[in-house]
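Colleague: If you want the building blocks of each chain, they are given just below.
There are 2 protein chains.
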Amino acid sequence: MLPYKNLIIIDKKKSLPVYRQISLQLIALIQEGKLPPGAVLPSTRNLAFDLQLHRKTIVAAYETLVSENWIDNLPRKSYTVSPNLPMVRPRSYNSKRLSPFAEGGSFDFERHELIMPIAQSLTNCRIEINDGFPDISMLPVQAISKQFKRALEASASARYFGVNLDGGSSNFKTSLSSFLNQTRGIDMGIENLFTTRGAQMAIYIAASLIIKPGDKVVVSEPSYFIAETLFQKLGAELIRVPMDGDGMCTEKLENILKKDVIKMLYIIPHHHHPTTVTMSVERRNHLMELISAYNFAVIEDDYDYDFQFKYDPYLPLASGDHRGNIIYIGSLTKVLGSPFRLGYMIAGSDFLQAAARMRTLIDLRGDFIMEETISGMIANGDLTRHIQKTNKLYSQRCDFLSDEVSTELGEMIDFTKPTGGMALWLKFKPEYDLSKIIKKANLKGLAIRGSAYCSGKDAHFNAFRFGFASLNEQELAEAVSIIKKTAESL
Amino acid sequence: MLPYKNLIIIDKKKSLPVYRQISLQLIALIQEGKLPPGAVLPSTRNLAFDLQLHRKTIVAAYETLVSENWIDNLPRKSYTVSPNLPMVRPRSYNSKRLSPFAEGGSFDFERHELIMPIAQSLTNCRIEINDGFPDISMLPVQAISKQFKRALEASASARYFGVNLDGGSSNFKTSLSSFLNQTRGIDMGIENLFTTRGAQMAIYIAASLIIKPGDKVVVSEPSYFIAETLFQKLGAELIRVPMDGDGMCTEKLENILKKDVIKMLYIIPHHHHPTTVTMSVERRNHLMELISAYNFAVIEDDYDYDFQFKYDPYLPLASGDHRGNIIYIGSLTKVLGSPFRLGYMIAGSDFLQAAARMRTLIDLRGDFIMEETISGMIANGDLTRHIQKTNKLYSQRCDFLSDEVSTELGEMIDFTKPTGGMALWLKFKPEYDLSKIIKKANLKGLAIRGSAYCSGKDAHFNAFRFGFASLNEQELAEAVSIIKKTAESL
Numbered sequence: 005m006l007p008y009k010n011l012i013i014i015d016k017k018k019s020l021p022v023y024r025q026i027s028l029q030l031i032a033l034i035q036e037g038k039l040p041p042g043a044v045l046p047s048t049r050n051l052a053f054d055l056q057l058h059r060k061t062i063v064a065a066y067e068t069l070v071s072e073n074w075i076d077n078l079p080r081k082s083y084t085v086s087p088n089l090p091m092v093r094p095r096s097y098n099s100k101r102l103s104p105f106a107e108g109g110s111f112d113f114e115r116h117e118l119i120m121p122i123a124q125s126l127t128n129c130r131i132e133i134n135d136g137f138p139d140i141s142m143l144p145v146q147a148i149s150k151q152f153k154r155a156l157e158a159s160a161s162a163r164y165f166g167v168n169l170d171g172g173s174s175n176f177k178t179s180l181s182s183f184l185n186q187t188r189g190i191d192m193g194i195e196n197l198f199t200t201r202g203a204q205m206a207i208y209i210a211a212s213l214i215i216k217p218g219d220k221v222v223v224s225e226p227s228y229f230i231a232e233t234l235f236q237k238l239g240a241e242l243i244r245v246p247m248d249g250d251g252m253c254t255e256k257l258e259n260i261l262k263k264d265v266i267k268m269l270y271i272i273p274h275h276h277h278p279t280t281v282t283m284s285v286e287r288r289n290h291l292m293e294l295i296s297a298y299n300f301a302v303i304e305d306d307y308d309y310d311f312q313f314k315y316d317p318y319l320p321l322a323s324g325d326h327r328g329n330i331i332y333i334g335s336l337t338k339v340l341g342s343p344f345r346l347g348y349m350i351a352g353s354d355f356l357q358a359a360a361r362m363r364t365l366i367d368l369r370g371d372f373i374m375e376e377t378i379s380g381m382i383a384n385g386d387l388t389r390h391i392q393k394t395n396k397l398y399s400q401r402c403d404f405l406s407d408e409v410s411t412e413l414g415e416m417i418d419f420t421k422p423t424g425g426m427a428l429w430l431k432f433k434p435e436y437d438l439s440k441i442i443k444k445a446n447l448k449g450l451a452i453r454g455s456a457y458c459s460g461k462d463a464h465f466n467a468f469r470f471g472f473a474s475l476n477e478q479e480l481a482e483a484v485s486i487i488k489k490t491a492e493s494l
Numbered sequence: 005m006l007p008y009k010n011l012i013i014i015d016k017k018k019s020l021p022v023y024r025q026i027s028l029q030l031i032a033l034i035q036e037g038k039l040p041p042g043a044v045l046p047s048t049r050n051l052a053f054d055l056q057l058h059r060k061t062i063v064a065a066y067e068t069l070v071s072e073n074w075i076d077n078l079p080r081k082s083y084t085v086s087p088n089l090p091m092v093r094p095r096s097y098n099s100k101r102l103s104p105f106a107e108g109g110s111f112d113f114e115r116h117e118l119i120m121p122i123a124q125s126l127t128n129c130r131i132e133i134n135d136g137f138p139d140i141s142m143l144p145v146q147a148i149s150k151q152f153k154r155a156l157e158a159s160a161s162a163r164y165f166g167v168n169l170d171g172g173s174s175n176f177k178t179s180l181s182s183f184l185n186q187t188r189g190i191d192m193g194i195e196n197l198f199t200t201r202g203a204q205m206a207i208y209i210a211a212s213l214i215i216k217p218g219d220k221v222v223v224s225e226p227s228y229f230i231a232e233t234l235f236q237k238l239g240a241e242l243i244r245v246p247m248d249g250d251g252m253c254t255e256k257l258e259n260i261l262k263k264d265v266i267k268m269l270y271i272i273p274h275h276h277h278p279t280t281v282t283m284s285v286e287r288r289n290h291l292m293e294l295i296s297a298y299n300f301a302v303i304e305d306d307y308d309y310d311f312q313f314k315y316d317p318y319l320p321l322a323s324g325d326h327r328g329n330i331i332y333i334g335s336l337t338k339v340l341g342s343p344f345r346l347g348y349m350i351a352g353s354d355f356l357q358a359a360a361r362m363r364t365l366i367d368l369r370g371d372f373i374m375e376e377t378i379s380g381m382i383a384n385g386d387l388t389r390h391i392q393k394t395n396k397l398y399s400q401r402c403d404f405l406s407d408e409v410s411t412e413l414g415e416m417i418d419f420t421k422p423t424g425g426m427a428l429w430l431k432f433k434p435e436y437d438l439s440k441i442i443k444k445a446n447l448k449g450l451a452i453r454g455s456a457y458c459s460g461k462d463a464h465f466n467a468f469r470f471g472f473a474s475l476n477e478q479e480l481a482e483a484v485s486i487i488k489k490t491a492e493s494l
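First to last, the sequence lines map onto chains P and X.
Per this note's numbering, the very first residue in the first sequence carries number 5; after that it's consecutive.
Per this note's numbering, the very first residue in the second sequence carries number 5; after that it's consecutive.
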């Protein structure tokens with residue numbers, strides 16, 4: 005409740021009746037937005053007590069406001085500010101009455117630029133192609149809700165919960181560590197695991213600890229744009245190494261390492277973003293040699309490891325002998341869907357201690373209940389079952405879309421069917437301008453919202469990520485058909 | 005499952021039998037930690053298929069390992085790596101077999117310092133005094149679980165969920181905005197609200213956007229240590245303004261403003277951390293004048309507004325005419341407890357757009373399900389009921405503890421009973437060395453883990469925060485009694 009005693013000042017010496025003084029001041033509060041439409045006024049008894057007045061005075065003030073349509077009084081219900089105010093809100097006729105926040109302040113601040121290769125304004129579409137997100141209608145709602153309730157009950161009965169500033173759930177760390185060990189063959193102890201909100205926070209913390217202004221950082225060309233933007237904001241000079249069908253061209257990386265001091269390499273060896281390419285064994289071996297020969301930090305972003313449709317003999321680089329130079333980053337968001345934000349970083353324990361201190365400044369600590377919830381799902385096998393179930397579905401959708409795209413768009417495009425993941429990388433031939441296709445397809449009911457590299461410095465790629473995991477076969481076929489018709493009519 | 009096809013290499017020309025080649029390589033995987041204790045091995049059928057061998061060969065390999073106690077085979081269950089390995093883990097006898105993460109890497113990184121005025125190593129105590137956290141045994145577990153499940157079901161049935169990179173829950177923004185409007189009288193639109201993980205992330209983002217290296221930033225003395233550490237890390241030069249019983253001494257702030265350009269002020273006018281002081285009306289008015297007269301940004305940290313035991317006529321500074329210079333920061337963590345991390349920032353819309361871009365780099369987006377869960381609790385009144393219920397309990401505990409402290413510790417200490425919140429600020433007279441009391445009390449079963457300002461540059465405060473909200477009266481009495489005995493025996 006608002007402190008009315010302080011907000012409503014009664015002057016009994018004034019000629020204006022007290023009830024009218026009250027109603028006018030309440031109107032001012034409504035006009036200022038302090039009492040917004042729908043707000044419940046205090047009961048006449050409470051306000052009378054607060055203002056040390058007779059209750060009948062308050063009733064009179066309220067009834068005046070009701071008669072003027074400022075407030076409503078439903079029978080047996082409390083007085084509430086009318087949803088249909090009798091006057092235009094004051095901000096439209098009195099500049100002095102503007103919200104103080106509308107003035108914008110007189111201090112300077114940093115206005116980051118963040119240019120995303122994603123169409124932002126597409127609306128009213130029947131079908132939406134995303135960047136490669138899981139189908140969250142597959143979520144095991146019962147299983148998650150059950151674990152959530154269990155976690156909440158356990159927390160509520162733990163008297164001394166929440167005392168440690170750095171205290172994530174240690175159950176989560178243990179079960180996640182065993183899950184990662186078994187699925188990825190990474191030789192690590194619990195001291196090498198640090199849990200974060202999502203992979204992005206892990207990238208943010210690792211890059212912030214490593215990069216100093218002027219440092220040279222190698223990324224692929226093209227590369228994950230949010231990571232790239234972050235490195236530039238931290239003052240890195242980006243050196244771009246091209247990709248081919250076997251992943252990042254390590255021969256070119258070696259040439260760079262021979263003549264320049266590189267601080268860090270950011271790499272996605274498995275289902276590269278955006279191109280979906282998986283790095284070949286030869287390139288991996290070459291890269292591991294380069295890591296041993298030259299001193300540089302490596303962020304291995306492995307957001308998509310859990311989705312492999314075929315027998316896929318690639319363990320993460322971090323499972324090899326990297327002498328502590330690799331920081332391995334992953335996420336459960338691709339497994340459970342965008343509403344869940346749980347990621348992790350695997351690195352040397354010294355580095356993780358610095359990461360923990362930085363995380364305290366950013367965010368204090370993680371979401372304990374969510375960590376416990378997912379921990380329960382790892383322990384009882386729900387998570388693995390969910391991965392197996394969705395993997396099978398996504399594999400079918402990948403097959404279906406690849407066939408559709410080959411048959412329908414065959415001559416317009418160039419693409420390689422990925423061995424896993426949730427998206428195709430569709431590269432249009434130069435005569436088909438992708439940015440035009442995206443705009444026109446929108447008018448036909450299709451929103452293309454996967455990362456699209458087709459304008460500015462990225463125009464030569466003329467390609468986008470066609471996320472297939474969250475669309476059914478009928479939707480996939482319709483999306484391809486709209487793209488085909490749009491491209492033909494350019 | 006590990007990619008055994010790649011990990012186990014069979015050479016049929018070798019004299020070593022194939023089954024033994026397999027078992028030796030499995031032992032190596034166990035020793036390297038790639039197959040940790042308890043890990044489930046693939047079924048004999050699957051491994052035989054992967055390695056293109058007869059199943060009997062795999063059975064022979066597994067049986068050898070069982071006989072050597074490397075793995076277990078419970079009847080009708082799968083083969084698992086033994087929890088009691090027959091040899092010490094390789095890292096203890098073979099330095100070449102160290103986890104690559106144990107080597108620490110050869111790259112430089114920033115090793116933040118973060119000195120917290122909190123005893124970290126206290127253990128095995130019957131009673132723990134924290135910094136002022138809610139009693140999470142009061143959590144409405146049923147109500148939260150119900151809303152969580154509802155939110156999860158709604159998300160799972162929304163086909164195009166999770167496409168917007170910046171997409172927090174708009175339901176949450178709407179309901180939180182109305183809650184803040186009604187409880188705090190802040191005149192704002194939905195475009196002035198930005199939701200974060202917790203108040204700390206809001207402080208991190210706001211300070212990072214505002215502070216450039218060398219900027220002068222005013223904080224109180226003492227001040228919230230995590231915010232202070234953050235400002236210093238961002239390169240701020242801190243100017244400390246003392247506190248008294250009416251809050252920050254604005255006369256001293258004015259003297260500073262007259263001779264220096266100040267970039268930002270960080271202030272907690274309501275239940276200041278750590279001292280619990282609430283700023284007087286006179287000082288508030290004076291501060292608002294200073295904000296109008298001099299151009300500087302203000303972070304108003306109002307973490308504790310919802311807990312007021314008495315009629316408390318103080319609206320936030322942000323409800324006044326600050327011309328957009330105030331960034332108002334709050335949290336639901338104090339309402340719901342440490343496991344929940346939901347905070348917010350109220351500011352000009354330009355500033356919030358920059359904040360949103362920065363948040364994308366840090367963390368992409370919020371936890372949609374949690375936001376929807378709490379949104380449901382605001383909408384149906386659960387949140388307000390919970391605040392009212394806990395407020396009453398905390399008020400009783402505050403009364404009880406204040407009486408106990410006055411009666412039992414009367415001559416040793418100095419304190420002012422707060423009008424709300426979850427902690428007392430107990431200042432010991434100089435002859436009672438608080439750092440010694442904390443150490444000795446620990447031996448008597450009491451862990452004092454509230455912020456304690458009693459060493460280094462803070463030694464002259466000789467004070468700590470006695471969080472009372474999460475302890476019952478018996479525990480509070482026992483804690484005071486241990487402190488008394490400890491202090492007397494110094």
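I should point out that these hints are in silico values taken from the structure, not numbers from a laboratory.
Please read all numbers here as calculations on a predicted model, not as lab measurements.
One or more hints might be untrue.
Heads up, the list lumps identical chains together, so a pair's fine if it works in one copy or across two of them.
As the list claims (entries may be wrong) - With a straight-line Cα cutoff of 20 Å, these simulated EDC-like cross-link-like pairs (lysine to aspartate or glutamate) come out:
hint: 1; residue 1: Lys393; residue 2: Glu157
hint: 2; residue 1: Lys38; residue 2: Glu195
hint: 3; residue 1: Lys461; residue 2: Glu232
hint: 4; residue 1: Lys237; residue 2: Glu114
hint: 5; residue 1: Lys153; residue 2: Asp139
hint: 6; residue 1: Lys153; residue 2: Asp386
hint: 7; residue 1: Lys9; residue 2: Glu477
hint: 8; residue 1: Lys220; residue 2: Asp112
hint: 9; residue 1: Lys431; residue 2: Glu241
hint: 10; residue 1: Lys421; residue 2: Asp250
hint: 11; residue 1: Lys393; residue 2: Asp354
hint: 12; residue 1: Lys488; residue 2: Asp354
hint: 13; residue 1: Lys488; residue 2: Asp15
hint: 14; residue 1: Lys38; residue 2: Asp325
hint: 15; residue 1: Lys9; residue 2: Glu286
hint: 16; residue 1: Lys216; residue 2: Asp112
hint: 17; residue 1: Lys216; residue 2: Glu114
hint: 18; residue 1: Lys448; residue 2: Asp437
hint: 19; residue 1: Lys314; residue 2: Asp54
hint: 20; residue 1: Lys60; residue 2: Glu293
hint: 21; residue 1: Lys396; residue 2: Asp139
hint: 22; residue 1: Lys220; residue 2: Glu114
hint: 23; residue 1: Lys431; residue 2: Asp139
hint: 24; residue 1: Lys421; residue 2: Glu293
Colleague: Could you figure out if Lys488 and Asp15 sit no more than 20 Å apart (CA to CA) within one copy, between two copies, both or neither?
Modeller: neither (75 Å within a copy, 51 Å between copies)
Colleague: I want to check one pair: Lys216 and Glu114. Are their C-alpha atoms no more than 20 Å apart within a copy, between two copies, both, or neither?
Modeller: For Lys216 and Glu114, the Cα distance is within 20 Å both inside one copy (18 Å) and across copies (9 Å).
Colleague: Treating 20 Å as the Cα threshold, decide for Lys421 and Asp250: within, between, both or neither.
Modeller: For Lys421 and Asp250, the Cα distance is within 20 Å only inside one copy (13 Å; across copies 69 Å).
Colleague: Classify it for me, Lys421 with Glu293: is the Cα-Cα distance of at most 20 Å met within a copy, between copies, both or neither?
Modeller: neither (29 Å within a copy, 65 Å between copies)
Colleague: Classify it for me, Lys488 with Asp354: is the Cα-Cα distance of at most 20 Å met within a copy, between copies, both or neither?
Modeller: neither (53 Å within a copy, 41 Å between copies)
Colleague: Regarding Lys393 and Glu157, is the shortest C-alpha distance of 20 Å or less found within a copy, between copies, in both, or in neither?
Modeller: Between copies only: 19 Å across chains, 29 Å inside a chain, cut-off 20 Å.
Colleague: Checking an output row: Lys237 and Glu114, CA cutoff 20 Å. Within, between, both or neither?
Modeller: Both. Shortest intra-copy (11 Å) and inter-copy (17 Å) distances satisfy the 20 Å Cα cut-off.
Colleague: Quick one: Lys38 to Asp325, C-alpha cut-off 20 Å, is that within a copy, between copies, both, or neither?
Modeller: between (62 Å within a copy, 13 Å between copies)
Colleague: Could you figure out if Lys9 and Glu477 sit no more than 20 Å apart (CA to CA) within one copy, between two copies, both or neither?
Modeller: neither (63 Å within a copy, 33 Å between copies)
Colleague: Please work out whether the CA atoms of Lys38 and Glu195 approach to 20 Å or closer within one copy, between two copies, in both situations, or in neither?
Modeller: between (51 Å within a copy, 16 Å between copies)
Colleague: Go through the copies and call it for Lys153 and Asp139: within, between, both or neither, with a Cα cutoff of 20 Å.
Modeller: For Lys153 and Asp139, the Cα distance is within 20 Å only across copies (18 Å; inside one copy 24 Å).
Colleague: Could you figure out if Lys314 and Asp54 sit no more than 20 Å apart (CA to CA) within one copy, between two copies, both or neither?
Modeller: Between copies, since 12 Å is at most 20 Å while 72 Å is not.
Violated hints, listed in ascending order, are 7, 9, 11, 12, 13, 20, 23 and 24; each of the other numbered hints is respected by the structure.
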